[in-house]
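Build the complex from these two chains, which are given one at a time in their own frames, with help from the hints.
What follows is each chain in one-letter form.
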Amino acid sequence: MLVPLSWLGELVDLAPGTRGVDVAASFVSVGLEEEELHGADITGPLVIGRVLTIEEAVQKNGKTIRYCTVDVGDHGQRVTDGIPQEIVCGATNFEVGDLVVVVLPGATLPGGFQIAARKTYGRVSNGMICAEDELGIGEDHSGIIVLERYLGPERAAQLNPGDDAIAVLGLGEEVVEINVTPDRGYCFSMRGLAREYWHSQGSPEGGYRDPARVGEVPRDSTEGYAVHLVDSAPIDGVQGCDRYVARIVRGVDPTASSPEWMKTRLTQMGMRPISLAVDITNYVMLAVGQPLHAFDLDTLSGAIGVRRAREGETLTTLDGVTRQLSVEDLLITDGGQKPLAIAGVMGGADSEVTDTTTNILIEAAHFDPITIARSSRRHRLVTEASKRFERGVDPRVAAAAAQLAVDLLVEHGGGTADDAATDVDVTRPRTAYELDPMLPARLVGVDYSRERVIEILRHLGCEVVDAGGETITVTPPSWRPDLVDGPDYAEEVARVDGYERIPSVLPTPTAGRGLTHSQQVRRLVASALVGRGATEVLTYPFVSATFADTLGMAPDDVRRHAVRLANPLSDEAPLMRTSVLDTLVDALRRNVSRGQRDLVLFEVGSVTRPEPGSSHTAPVPGTETRPAPEVIAAIDAAVPAQPRHLAVALCGEIERSGWWGKGRAAEWSDAIELVLVVAASVSVPVSTEAAELAPWHPGRCARLTLPDGATLGYAGELHPAVCARLGLPARTCAAEIDLDALTAACAEPVKQADYSTRPVALTDVALTVDEAVTAGELEAVLRSAAGQHLESLALFDVYRGDQVADGQKSLAFRLAFRAPDRTLTTDEVSRYRDAAVAAAATAYGAVQR
Amino acid sequence: MDPMSGPNTSYDPVAVAALEPAALEAAVAAAQAAFDGAGTLDALKAARLAHLDKGAVALARREIGALPPTAKAEAGKRVGDAMAAVRTAYEARETALQAEAAERILVQERVDVTMPVARRAVGARHPLELTQERLMDIFVGQGWEVAEGPEVESEWMNFDALNLGKDHPARQMQDTFFVDPPDGGLVLRTQTSPIQIRTMLTRTPPIYVVAPGKVFRTDDLDATHTPVFHQIELLAVDKGLTMAHLRGSIDHFVRAMFGDVRTRVRASYFPFTEPSMETDFECFVCLGGDPLVRSDCRTCGGSGWIELGGSGMVNRKVLTACGIDPDVYTGFAFGFGIERALQLRNGVSDMRDIVEGDVRFSAQFGMAV
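Top to bottom, those sequences are chains A and B. Quick note: the first sequence uses the numbering used here, first residue 1, plus one each step. Quick note: the second sequence uses the numbering used here, first residue 1, plus one each step.
Chain B extracted, bound-state conformation (with noise of 0.2 angstroms):
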């Protein structure tokens, strides 16, 4: 036969089976079928190289070949849509899968989240300390500076210069630590008030100092007294300063301790101080509220008031010791109790649970009063 006279089948439409519209869409469904009914990535991937990879879609896309070119583009154009779907369906399972696996491994990590963690201790500031810094820094805020003084202190230091002659009761046994031999001139200074006389001398004025520290007493330990306690102490040395100026300073420390409380203030007897004042402030607890609650307030006992402190103008005796001109300068001091203010702002109401060092006490404050 003329090669030339046979029917050209590259020309002609040829049918091939695979090709049909209706065998392309079955293949679609049952890739469809296929990804959707494989549970896992592992039997997606089988159906993937099934329907995907060697499927009846991949096999009918060979097929064109054979195709006359009339028939080529059409073909193409609808295997090349259902190789689409086919993929669009893999990806859309493969995604869902993928989801559902990340899913899974969040469920199976989860965790009991309310076992205790404490695989170290939690350290903890003793109150005592951190209320002295807070002290201390509401001066030093102002402008003051802070000053600290020997513990083991000259008798001449501790009471002499301050005014205290041989003869005063605070000098005796009964109060006052001695260093042996009782008349060698040493004590356990009996306030912080010796760091006055160390300013003063070796500090020309202007002086602003504020001086915290340890201080002793022959009391026994209770639930109200302990031998070892601490003080904190204000002393200004300037020019044409009033008791005014001692009555500010005073109520910026209550404001800044206690709150906006009111105080009172009253004559009073220091031998390191002329005039000398007592302040009052208003109780922070009960402050006016209904007296007939305030009349159980623990911290006040129900007066409304709490006393603060001794304070006074710098007596011009303990100037005059310390080479200062009292008729070109005056001075006022202040002294308070640090356990009294930790004890008035945390409620610590035994003075055993601030010295006997048990951790548990510290503990509950951390780093915060």
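Chain A on its own, in the form it takes in the complex (with noise of 0.2 angstroms):
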């Protein structure tokens, strides 16, 4: 919302020499958010030109560009020798004889644009013709500023080359930007603006003029225009309309235009001149927040009449829209039947003011904010009207607004408003809330007195009654529907006497046990994955709808349940991934394509998984008590689990070549080792064995089991399809592990094992099998049968060639043996050895080389 500064200081006292950013300051000290500060920085010379040459050639970059001459009046650099000024112009929106707005040389338009002839397509240009978004008074740049349709070609006409355009476009005095936020409402008019900049400047008796007189104009006139309100379907009980004053003026002289004041005043507030009609509604809006709208009364045939639209009702809005309309849009209606417009929102093409009209229905109403809001978003349609009834008007404001319009439109345009009035009035008083006067205090950490609470209750518009007791009984402004409870009361309190004054004190937490486990365990992983020469990356959640195809999912696999978006924010990505590698190879790939060749990448991330065949319909109860255990159960249940994983994706040399010679690239068991050191890094012991799943190759894909047998996740190889399918390097290697599991997995405190400081006894065992035997199989058997002295096992050599057959390999362990109290005999040893080499003979039918 914009302020200008002269119309602030007719409803407050500015001290002289007020400025925009001491106002602007001001707003601040009350809550209200400074948006930007405008016009003070323009410095002429800014004057009204006339086109008076357009010579136009296309450059060699494409650009049209225009070389203009324009008449500026007096201001010629070259006046004395008679020669227009010549421009240059980039904009083409414009012709011979139009009016335009020239900045000169010497001039300084905003944001420090200091202007100089400079030489630009070839040519000096002697300033710009400007557009609006140079001057600060719109975003418009898509051409410049032509006068006739800027202003009007009324207005124009009484504008002469070489006029000063900064009192024109009313440049000359600072407009400060304000950020209203969504429960002040009243703060989208002058007199609600004014009022806030009255608190701060500590409310002095007497230093606020409310621009709308309410109380002292017609109510409740039966006599005037008929209106019929009517609700056959209020949203949650609220009445749409509660009420609608009518004024009418007739005899208008339609040719009438608007005072200079009032257009500049709306040109300053963002708003174009359009018909003194229109300008009055507009105006008076902006003075006192209330949205008017004015109807041609040569069109109404019936009384006017409010209701919901029925089903496949249709209006055409002022905007040339056809609107098909819903059972919940509020229609004011020509006799109860034809649309005239979409209550709050925008009026009918058919009813609107032209320039013929002499005879003009006014309408100030005051609808339900819930209506407003709900078919300004069914339409798309955000007006200046539906802005502030969404927001909430002041209900008591609707007869003062309607009666200022009536006597600007008799004043500026020769009309007689009719004696009679219309006032429909079904509102409800505002209720008195008890207020506890130590409850701002309690809440905010000031100690504002009982006094203090009453006084600024008082100068924020509350009626307060002060009986003494425990509480104080507070009815709220009509201006404040957001005023309802204690700490909005709480809120306006502080806020009055100063944010500012709020002390910081540190509070006193009972003592907190740190980071969760997870929390821990998700630090040490990572820590150990960098330690390693991975790279920490994060991913966009969101996969396709192939995604499980392209990564060879088979029909049945669970990760194939994935959670839809409604509204992806890409129709290619409308799912939830299942796993985090889904989405991490992108980011390989990316890298890749950036020139990054040997990479090791991982991700710690939730993802989602729905329970396959599960509705996922959350209930969505009431807010007035907490929810019964089973609501907040069954809500629950319809959150997806989302456990958190980790994925690892390694291509290229894991170690690199270089001067000290060749590299080696990363292969299956890398991605394997990368999930034992993060085990490792948590201490839980994880086993592999061969499997086979998506998207690994069928060969080179191990599952990691934890010590209860449950599955931790999987690594090794990416199926070649599949990296072909997703562009990823050949080979490509990768794993991804349930880190919720490992979480559980390593819940205890670690136990230490005692370990011996005698001497060790070393053996080494070659054994062949058959091709089919695992390392891993061979390994447990070892172990098992080896006997407790065994203090590790090592797989140090596989060997296939000509001492083994066919079909067969040769595994070597170096066995290492050690007894806790006393030096293991060559006996123990190889009597130990031979067991466990029987073991392996019995179950894979292993023999000693």
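No lab work stands behind these hints, which were simulated from the structure alone. Quick reminder that beta carbons are idealized off the backbone N, C-alpha and C, glycines included. Be careful, since some hints might not be right.
Unchecked claim - Simulated coverage check for chain B against chain A, where a stretch passes if three residues somewhere in it have a Cβ under 8 angstroms from a Cβ of chain A:
(1) 120 to 128
(2) 134 to 145
(3) 240 to 246
(4) 249 to 261
(5) 273 to 282
Structure follows, in structure tokens:
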């Protein structure tokens, strides 16, 4: 909302010399955020110009440039030579003879943009023809301002080349732009903002002059134009319209134009002057916050009827769009039948005032905010009216606003107002609230006295009755629908008294237990991976509808059950990932495409695993009380499981080539090792077994299992077909584990096991087995049979070739034995080894080489 | 000849040439010269044989036996001195040559230590995660606990319970990702605030939690927006909490993240808090500087203040919806964007860098922000 200083000064006392920055700071001090300062930063010469000649030429860069001469009155630099101002212009939306705004060398435009004569496109441009955005009066940069269109032909006709455009456009004075929060609808008016400014000055006696003369105008007359309010389907039990004031002015001169001061003000407020009737409705709205609508009385045939729309009804609104109405839309109708307007949002094209309208019906009504908000959203129509109704308009101001409009129409349009006035008013008075005057102090932490609280509330317009009891009786002003509960009043007290007075006090929480186990595990795991050269990335969790096929998942793979978004950002990615790897591969591919070759990436994040076949419909209970336990349970049940996963992806060399020699490409075993490192970082032993699972290579995929046999995850080389489909480097490797499972597996404190300081005894065995026997199986049986003194066992060689039969391989293990209390003898060690070998022979036919 | 009457050669001095002082001196000098002339340890070994083990002095020592007893002592001393001199000369040379050899090996073993070493990649955390951890730690260190919640969340937790009624603009499709079917009551959480609700439903006051997490809004990715971003939120519910405690917590957070800067507060509006508050903090880059220099500050845009985030006292309706008696307990909540913290502290100007997963972005940070 824009606040011109001159207008503000009419409603409050502005100290001499008050500048825009001061006003902005005052607003900020009562909690109204400053958006921007306009107008102060233009210095002339900025003048009216008339385009004399246009020479158009297409430039090498394809742009069309106009070399113009412009009559700028006596301001022309070369006026003595009788040569009009030569200006180069990039816009093409004007003709010879148009009146334009010209900024001349020596001037400064908003943003400190200094204008000088300079050479552009081969010729000297002595200034610039201005667009709206360059002057800070609008966003438009599609073309320059043509004043016949911008101000209307009548007003433009009064202008002469050389006139000061700063005055014409109202740029001479400062305008403060305030950002109004949704709870303060009353601040969408000068009436409301002036009151806030007054508060910022300490609410001095007599320092605020309300532009709305509420209570001084005719009310409750039934003699005026007939108005019927009907609401067969109120939303949440609230009447769509609870007040409707209709006033009639006849014999208005349709050619009369708005007074200059009004046009200037509208321009300053970012609105275009259009016609007297429309300008007046806009002006009154800006002044007192009441949106008005002006109907051409002669187009109406019956009473004004306010009702909900019927199924199938349509209305062509002022913007020329024919709209399908919903039964929730509130309509203003002619005689209860023909729709005239979507109440509080936009009028219809048929009944609007035109350049022949002489008899005008002014509507000043109060509509239900929810009804207007829904209609505005339904029709994607955010208008000045809807913006205000949605946030709450003062229901008491309607008649005063209508009176203001009537007076202006009579004064400037030469019309005569009907004596009779319609005011159908079924609004209910605000209920009083029993406020504990100590509540603001208790909530804010500043010692406001009872007297101070009452003083501030009265300044705000509240009626306060203090009988000296524990509470005071507060009735909020009609323009403050947001004041309902104790904390609302507490905020008002704090705000008007000044938020800066709130002290800074550290609370003293009860002693916490630090990070949760899960959070600690995540940090440890990430650190372990970084220690192994992995880089953490974050990816969006959205995947395409075909991700499961791309990854080659089996038809019954549980990971195919993904949550679908109703309104995804892109139809290419409507599903939530079921594995982190789904999206981590995208990051890998992006890095490769950007020239990285050797990569180890990891991501820790949630995956969404909806229960196959479940409906996933969460109840939405009320909020008046805590929902029943079964309702909360139903909400929780509807929220899909979202375990935390860790995924790793590797490609290129894991050990790099360099002057030190040849490197080593990342392979399946590196992916497995990284999982083992992760598990070891939280002291969880993990075992591996062969597995087949998409998207891994069927012969190079390991399932990693926890000590209790549960699956932790999978690791290995990706399937070549998957790499091809995803555009990943050949032999890309990857792992994905359930981090929640790992977290659960390390919940207990690590228990120390004894270790011996006696000498170690090493012995090697080479076992020949069928190819089908895995190292893991052989290792397991050796371990189980080697006895309690086996300290470690390591596979150090795998041999296939002449020494062993076809289809067989030889695996060489080094066994280390150690007793806790003595040095083992050679015989003992041999016995243990032989027992292990015998077990391997029994289980897998292993033969010692 | 009667042996008893002949000359007693055993007792009479007999001149042995090799034992003459002059001869010994010459032998010592020769040995010294030989040792000094040995350029290598091998040459020294040969010289040792010639001048020490089987040299003139050693040979001379054998002659002592031929001397009469009266002369033995003197000659023995003379030979011993000469022997010691030769040995000393040898040892000195040996030490010198050994040192030289050791020195030579070190010279030979010299390498070019400026050759690049990068056998294995150096890993890195994502700075956003590190920032999130840093933020958590600030409050954990004060006794707060960390709470988390699901990203696919119920509408009730994300909106209704937070006093965002069904007509609130934030609930429109333009802002919120809805899970299909759209009336199924599930959304991607638009804020970390549903964690507040879950916390209040499962814990009893006093509650002091910090809630970080990923949140979602239907914004297209550009330099300043991302549909997936991160927030961190404070929630305290206790007896006697006021806006002063809220301000104190925020001030502490600002000091811990951005140094010793001032804050300023003003009224604001959020459906889930009443009273509500907006906080700015003094720009930590241009703080206290010349206003003219400050006008160019890229961090605060020249205003000298940086907008921090919204906060307030938990709305009574929110406490009520969670079954906490608002007449007994008060609470405060404060939310902040983690991307924003990273952008401000570490000068990250383009949001796309944070989300694209380019390893070069993370690599700059290592494990530190």
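Handout entry: Hint numbers not upheld by this structure, sorted from lowest to highest
Key = none
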